[in-house]
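**Q** Sequence:
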Amino acid sequence: MSMPTPADGSAPGYFGVYPALVTDLVDPDSLGRVEVRFPWLGADGDRDVRAWATLCSPYADNQQGLQIVPEVDSQVVVAFEAGNLRRPYVIGCAWNGARSQPESPTEANDLRVLKTRSGSSLEFDDGAAGAKITVTTSGGNRVVLDDSGGSAEVRTAAGHHVTMDRTQLTVSHALGCSVTLTATAVQVNGNVQVTVTAPMVSVSAPMATFSGVLQATTIIATTSVVSPSYSPGVGNML
35 MSMPTPADGS
45 APGYFGVYPA
55 LVTDLVDPDS
65 LGRVEVRFPW
75 LGADGDRDVR
85 AWATLCSPYA
95 DNQQGLQIVP
105 EVDSQVVVAF
115 EAGNLRRPYV
125 IGCAWNGARS
135 QPESPTEAND
145 LRVLKTRSGS
155 SLEFDDGAAG
165 AKITVTTSGG
175 NRVVLDDSGG
185 SAEVRTAAGH
195 HVTMDRTQLT
205 VSHALGCSVT
215 LTATAVQVNG
225 NVQVTVTAPM
235 VSVSAPMATF
245 SGVLQATTII
255 ATTSVVSPSY
265 SPGVGNML
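Position 96 (the sequence shown) corresponds to 130 in our numbering; numbering is contiguous.
Just so you know, not all the hints are guaranteed correct.
[As the list claims (entries may be wrong)] As a list, the in silico SDA-like pairs of lysine to any residue whose alpha-carbon atoms are at most 25 angstroms apart:
{"no.": "1", "residue 1": "Lys149", "residue 2": "His207"}
{"no.": "2", "residue 1": "Lys166", "residue 2": "Leu100"}
{"no.": "3", "residue 1": "Lys149", "residue 2": "Ser185"}
{"no.": "4", "residue 1": "Lys166", "residue 2": "Ile125"}
[Unchecked claim] The calculated label-pair distances, taken between Cβ atoms and stated as ranges, are:
{"no.": "5", "residue 1": "Glu141", "residue 2": "Gly66", "range": "15 to 21 angstroms"}
{"no.": "6", "residue 1": "Arg146", "residue 2": "Asn175", "range": "34 to 40 angstroms"}
{"no.": "7", "residue 1": "Ser236", "residue 2": "Gly174", "range": "23 to 29 angstroms"}
{"no.": "8", "residue 1": "Phe49", "residue 2": "Ala192", "range": "39 to 45 angstroms"}
{"no.": "9", "residue 1": "Ala208", "residue 2": "Arg121", "range": "25 to 31 angstroms"}
{"no.": "10", "residue 1": "Asn175", "residue 2": "Ala132", "range": "28 to 34 angstroms"}
{"no.": "11", "residue 1": "Asp58", "residue 2": "Cys211", "range": "50 to 56 angstroms"}
{"no.": "12", "residue 1": "Gln97", "residue 2": "Ala239", "range": "54 to 60 angstroms"}
{"no.": "13", "residue 1": "Ala191", "residue 2": "Thr216", "range": "26 to 32 angstroms"}
{"no.": "14", "residue 1": "Asn130", "residue 2": "Leu156", "range": "22 to 28 angstroms"}
{"no.": "15", "residue 1": "Leu156", "residue 2": "Ala128", "range": "20 to 26 angstroms"}
{"no.": "16", "residue 1": "Leu100", "residue 2": "Phe49", "range": "24 to 30 angstroms"}
{"no.": "17", "residue 1": "Asn130", "residue 2": "Ser152", "range": "20 to 26 angstroms"}
Please keep in mind that the hints were generated in silico from the structure rather than gathered at the bench. This one's a predicted model, so the numbers in the text were calculated from it and none came from an experiment. Even glycine gets a Cβ: it sits at the ideal position worked out from N, Cα and C.
Sequences and hints are given; from them, build the entire structure.
**A** Below, the structure is given as structure tokens:
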């Protein structure tokens, strides 16, 4: 990079912060830098003056930290170490007329959003009704944790749905089958067929009620079988 200098050869000091545009993300020296250009600085031959700038992060350590790299052509804010143009640091990013915010701000300012290029997002909503966290993928999958109703909800793009709140847990299939658990009841609904397969199934209840036809290969009654119409023997019809 060729830097402009005054006629006396002394290097000017660049103090404060300056706008720049990202031009490259792959640091040839693997130092966690991005290349930026300074349109306001004039041209170096046929292109704007450019430099590899250290990318600042709220947390950066060995093989750990918060890694969010700006896109090529993103507008960033740059500061120079001791005013030295050859030692730039990217200290933040900025929206402009060409690149807008993912959500429009409101006076209440309840929403905090992290949104990726594909449209996946993490939202924190501090609305008056209660705090809510929403995770959404670009493909339509969604997780919602809502303090206002004390609920948690998972939805898939295929239409499957799990909800949990203070009173019940519901698991729903896209085709309409569901399982609902409450403090007083467990309800299983199947549009076509519900199958339970196990070496042994035990049901313990003062009374079990069946509507429709009950079909079994073998019925063993250790005490008695009670029915208004029961024909023991062949068929053992009830």
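**Q** Using the beta carbons of Leu100 and Phe49, state whether their distance is inside 24 to 30 angstroms or not.
**A** 27 angstroms, holds
**Q** For Asp58 and Cys211, compare the CB-CB distance with the range 50 to 56 angstroms and indicate the outcome.
**A** Holds, since Asp58 and Cys211 (Cβ atoms, about 52 angstroms apart) stay within the stated range.
**Q** Taking 15 to 21 angstroms as the stated bounds, is the beta-carbon spacing between Glu141 and Gly66 within them?
**A** 38 angstroms, violated
**Q** Next pair to validate is Lys166 with Ile125; report whether the Cα-Cα distance is within 25 angstroms.
**A** 30 angstroms, violated
**Q** So the hint says 39 to 45 angstroms: do the beta-carbon atoms of Phe49 and Ala192 match that?
**A** 56 angstroms, violated
**Q** Starting from the hint 34 to 40 angstroms, judge whether the C-beta atoms of Arg146 and Asn175 obey it.
**A** 21 angstroms, violated
**Q** Within 22 to 28 angstroms or not, the Cβ separation of Asn130 and Leu156?
**A** 24 angstroms, holds
**Q** Please check whether Ala191 and Thr216 have a Cβ separation lying inside 26 to 32 angstroms.
**A** Hint holds: Cβ distance 28 angstroms, inside 26 to 32 angstroms.
**Q** Given the proposed pairing of Lys149 with Ser185, does the C-alpha separation stay at or below 25 angstroms?
**A** Holds, at roughly 23 angstroms.
**Q** Taking the beta carbons of Asn175 and Ala132, is their distance inside 28 to 34 angstroms?
**A** With Cβ atoms ~30 angstroms apart, the hint holds.
**Q** Kindly confirm whether 25 to 31 angstroms is satisfied by the beta carbon distance between Ala208 and Arg121.
**A** 57 angstroms, violated
**Q** Just to be careful, I want the Cα atoms of Lys166 and Leu100 compared with a cutoff of 25 angstroms; is the pair within it?
**A** The hint holds at about 23 angstroms.
Of the numbered hints given earlier, the model fails hints 1, 4, 5, 6, 7, 8, 9; all others are met.
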